[in-house]
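In order, the protein sequence lines correspond to chains A and B. In this note's numbering, each residue carries its 1-based index in the first sequence increased by 1151. In this note's numbering, each residue carries its 1-based index in the second sequence increased by 1151.
These are computed hints drawn from the structure, not numbers from a lab. Be a bit skeptical, because a hint or two may be false.
Identical copies carry no separate label here, and so any pair may be met within one copy or between two of them.
Unchecked claim - With a cut-off of at most 25 Å between alpha-carbon atoms, the simulated DMTMM-like pairs for lysine to aspartate or glutamate come out as follows:
id	residue 1	residue 2
1	K1172	E1415
2	K1183	E1415
3	K1183	E1537
4	K1276	D1215
5	K1458	D1512
6	K1172	E1156
7	K1276	E1230
8	K1458	E1392
9	K1458	E1307
10	K1183	E1171
11	K1281	D1175
12	K1183	E1382
13	K1458	D1390
14	K1203	E1156
15	K1172	D1241
16	K1194	D1512
17	K1458	D1215
18	K1490	E1525
19	K1236	E1274
20	K1203	D1432
21	K1458	D1210
22	K1458	D1338
23	K1194	D1338
24	K1458	E1474
There are 2 protein chains.
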Amino acid sequence: MRSFEFHNPTRILFGRGVTEKCGDVVSGIGRKALLVTGGGSVKRSGYYDRVKRTLEAADVAVIDLQGVKSNPVLSKVVEGISLAKEGEVDVVVALGGGSVMDTGKAVAAGALMDDGYVWQVFEGKRTIQKALPVVTIPSLAASGSEMNGYMVITNESSGYKLATGSPHLYPRVSLLDPEITFTVPSDYTAYGGVDAVCHLMEPYFNGPDPVTPVSDRIAEGLMISIMEATEQAISAPLDFEARAALMWGATLALNGLTKAGVGEHHFPVHMIEHSVSALFDVPHGAGLAALLPGWLRWYASEVGPAKVIQFGNRVFQAGGEGEEGVGRAMNALEAWLRKIGAPASLSELGIGREDLDRIADNSQFQAGVWGLKEELSRGRVMSVLEAAF
Amino acid sequence: MRSFEFHNPTRILFGRGVTEKCGDVVSGIGRKALLVTGGGSVKRSGYYDRVKRTLEAADVAVIDLQGVKSNPVLSKVVEGISLAKEGEVDVVVALGGGSVMDTGKAVAAGALMDDGYVWQVFEGKRTIQKALPVVTIPSLAASGSEMNGYMVITNESSGYKLATGSPHLYPRVSLLDPEITFTVPSDYTAYGGVDAVCHLMEPYFNGPDPVTPVSDRIAEGLMISIMEATEQAISAPLDFEARAALMWGATLALNGLTKAGVGEHHFPVHMIEHSVSALFDVPHGAGLAALLPGWLRWYASEVGPAKVIQFGNRVFQAGGEGEEGVGRAMNALEAWLRKIGAPASLSELGIGREDLDRIADNSQFQAGVWGLKEELSRGRVMSVLEAAF
């Protein structure tokens, strides 16, 4: 195990009806909230009205930032920052999926910068010194943004989708109500499951160096739980236990727990996917699904087969050793992706072989920002893309 | 899954040599530290001197509270409270095992009570409103006290050993250096492993009601990791990876993670053991080991066999269904206890059948304090004791 620091100060309230506590929670933090929401699903499901009512009942003034899209864009963040500054907002409430939560975080950071140029943080040109407190109410089990300090934003004018993070971005409180995800359609339920599994797989495949038995076992257990719950939630969307397991599993998948002891690790699949969805505007989880088997094939051949075989045996009980073990692990992963209706290759996503160069080119900006000249070299990215095609 | 709140604000610094950061960490919190230590092992290993040197180098004044014994007693807490009050201490540093950390927490709470009567908290007669900040440096992988708000103290005049907790008792920072446990002898390494496994088993066996797939998988993974690491650390005491896995596994075993979603749960094996060690002064982990198989046998017959079979299959790959599955799970657990040199029954601990009544009687005070008239009824405790004899 490598040395690490673990500090996750987010308070989680989890359970049926917990959104009703929003007003009480937020009024303990601020008096004027920016309420960030997306394209309408939380209005249709009634949660927007509920949350707004509890805020008003608790004497919290509300300014709306609506219409955040998936693969959230910088212009919406900028709009939010100026609303927050003008309205002298003192707390950000994000009600929605990862895009909404990440937009809320970017606004929370930008609102406390004199010039509001939060994009410079994504470009690695400045760091976040402070941020408004954020309360999240995730409406999708996927990104884990509700219990971490990360955010991902697309700059639509430059065409780059970049991730960054800060200890100041951990939500103060997150309200996790599995029932809010009852209306998530099966494709987005699947993509959310894939996103969470990918958050676990990336630091899990950390070889060959660190020995990480504790993180491995936790990650394997969470992968199994999330995979089972994803299947169950797709076949029975109103199954509370399935939605609950998927929601809590996805939250724990990227809260720092399974990265502890792994050492420096930078989520290469996510980074490559950010280039895919920056260029093609596909759902993030679908892009990840299309990349995962190819990346794993690349990993087995370039880094080594041992961890892939362990993954196959412990997560899928796939059996087998050596080449056979790798093959069985790969087959089991692809079978799970197909079972939940997710793409298992870039071609299934409608991306052509002629597009791979553009994706690889786009990824190099991120590689530069993160200083990952080797881990995310153009050659390596192309190898992964070829394997995933 | 039941509704839950999860909030664990402790900052963990983990790795080789991390104790060297003690001065920097503590000087960010206070200027006058009460340094709580035990019977001498941290002096022999040199860690006491190292920690004291870093504190002095960071201009933190140190007052010592030394000689905390295992099964820590109230009189030592009272001594610490008066030292802390007289010395106007503003931070407590606990360097030692669970007994030292729990003594440090009790002092931290008592030092901010006008009358210092912290025992009333254990008796359920008052709650902790505030406490001095606590920094821990665990020298034993066992109690998990380094990342939770619990403490256990024995009142030697009344003969009761009681547990209590408060959100104010989470350590501010804990420094986890696996090398500090290199000198822990094999028996205490084993008892520590048992303590951690028991912290996982108790909320795991939460049936028959809540469905807890995520917590189950995490607990099973941690149990496997801890069991393997315990064996490895006993056979190779200087194996950093084994000590690291055991230390981090034990920390995660009781930090709230695997209790999330389980609902109300009160650690009956720990409570019964507190009566055993209050009366017989055996090491806590040895008492737990002696009780665990009996309690599990009782659980399988009174609550149901399903979870015991799941435990056997997932943790030990024991195989089998129905009665056979229960038998195999029991055998596997007992075999692990014997393999690490821990007792697997009360008789192996030197406790006679004639002592069971006294233990059951003693347990009823705790049952009253916690309001567990059914879960810890005298009849039920006697059944578990008989099964564990």
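Each hint tested on the structure:
Within a single copy, K1172 and E1415 get their C-alpha atoms only as close as 38 Å, which misses the 25 Å cut-off; across copies the closest is 21 Å, which meets it. For a Cα distance limit of 25 Å, the shortest separation of K1183 from E1415 qualifies neither inside one copy, at 38 Å, nor across copies, at 36 Å. Taking the closest pair of Cα atoms, K1183 and E1537 never come within 25 Å of each other, the shortest separation being 50 Å inside a single copy and 61 Å across copies. Taking CA atoms no more than 25 Å apart as the test, K1276 paired with D1215 passes in neither setting, with 30 Å inside one copy and 47 Å between copies.
In this homomeric assembly, K1458 and D1512 never come within 25 Å of each other (Cα to Cα): the closest approach is 29 Å inside a single copy and 52 Å across copies. For a Cα distance limit of 25 Å, the shortest separation of K1172 from E1156 across copies, 12 Å, qualifies, whereas the shortest one inside one copy, 31 Å, does not. In this assembly of identical chains, the alpha carbons of K1276 and E1230 lie at most 25 Å apart only when taken from the same copy (21 Å versus 53 Å across copies). In this homomeric assembly, K1458 and E1392 come within 25 Å of each other (Cα to Cα) only across copies, at 18 Å, whereas the closest approach inside a single copy is 31 Å.
In this assembly of identical chains, K1458 and E1307 lie within 25 Å of each other by CA distance neither inside one copy nor across copies; the values are 38 Å within and 52 Å between. For a Cα distance limit of 25 Å, the shortest separation of K1183 from E1171 inside one copy, 18 Å, qualifies, whereas the shortest one across copies, 44 Å, does not. In this assembly of identical chains, the alpha carbons of K1281 and D1175 lie at most 25 Å apart whether taken from the same copy (24 Å) or from different copies (22 Å). Neither within a single protomer nor between protomers do K1183 and E1382 lie at most 25 Å apart by alpha-carbon distance, with minima of 40 Å and 56 Å respectively.
In the homo-oligomer, the alpha carbons of K1458 and D1390 lie at most 25 Å apart only across protomers (22 Å), although the nearest pairing inside one protomer, at 34 Å, exceeds that limit. Taking CA atoms no more than 25 Å apart as the test, K1203 paired with E1156 passes between copies only; the shortest distance there is 22 Å, against 37 Å inside one copy. Taking the shortest alpha-carbon separations for K1172 and D1241, only the intra-copy value of 18 Å comes in at or below 25 Å, while the best inter-copy value is 35 Å. Taking identical chains as interchangeable, the C-alpha atoms of K1194 and D1512 are never at most 25 Å apart, the minima being 39 Å within one chain and 58 Å between chains.
In this assembly of identical chains, K1458 and D1215 lie within 25 Å of each other by CA distance neither inside one copy nor across copies; the values are 47 Å within and 48 Å between. Taking the shortest alpha-carbon separations for K1490 and E1525, neither the intra-copy value of 35 Å nor the inter-copy value of 46 Å comes in at or below 25 Å. In this assembly of identical chains, K1236 and E1274 lie within 25 Å of each other by CA distance solely inside one copy; the values are 23 Å within and 51 Å between copies. For the homomeric pair K1203 and D1432, neither the shortest alpha-carbon distance inside one copy (31 Å) nor that between copies (57 Å) is at most 25 Å.
For the homomeric pair K1458 and D1210, neither the shortest alpha-carbon distance inside one copy (53 Å) nor that between copies (47 Å) is at most 25 Å. In the homo-oligomer, the alpha carbons of K1458 and D1338 never lie at most 25 Å apart, since the shortest distance is 29 Å inside one protomer and 33 Å across protomers. Taking identical chains as interchangeable, the C-alpha atoms of K1194 and D1338 lie at most 25 Å apart only when both belong to the same chain, with a minimum of 20 Å there against 60 Å between chains. For the identical chains of this complex, K1458 and E1474 are intra-copy neighbours only, at 12 Å inside a copy versus 36 Å across copies, given an alpha-carbon limit of 25 Å.
Consistency note: the structure conflicts with the earlier hints numbered 2, 3, 4, 5, 9, 12, 16, 17, 18, 20, 21 and 22.
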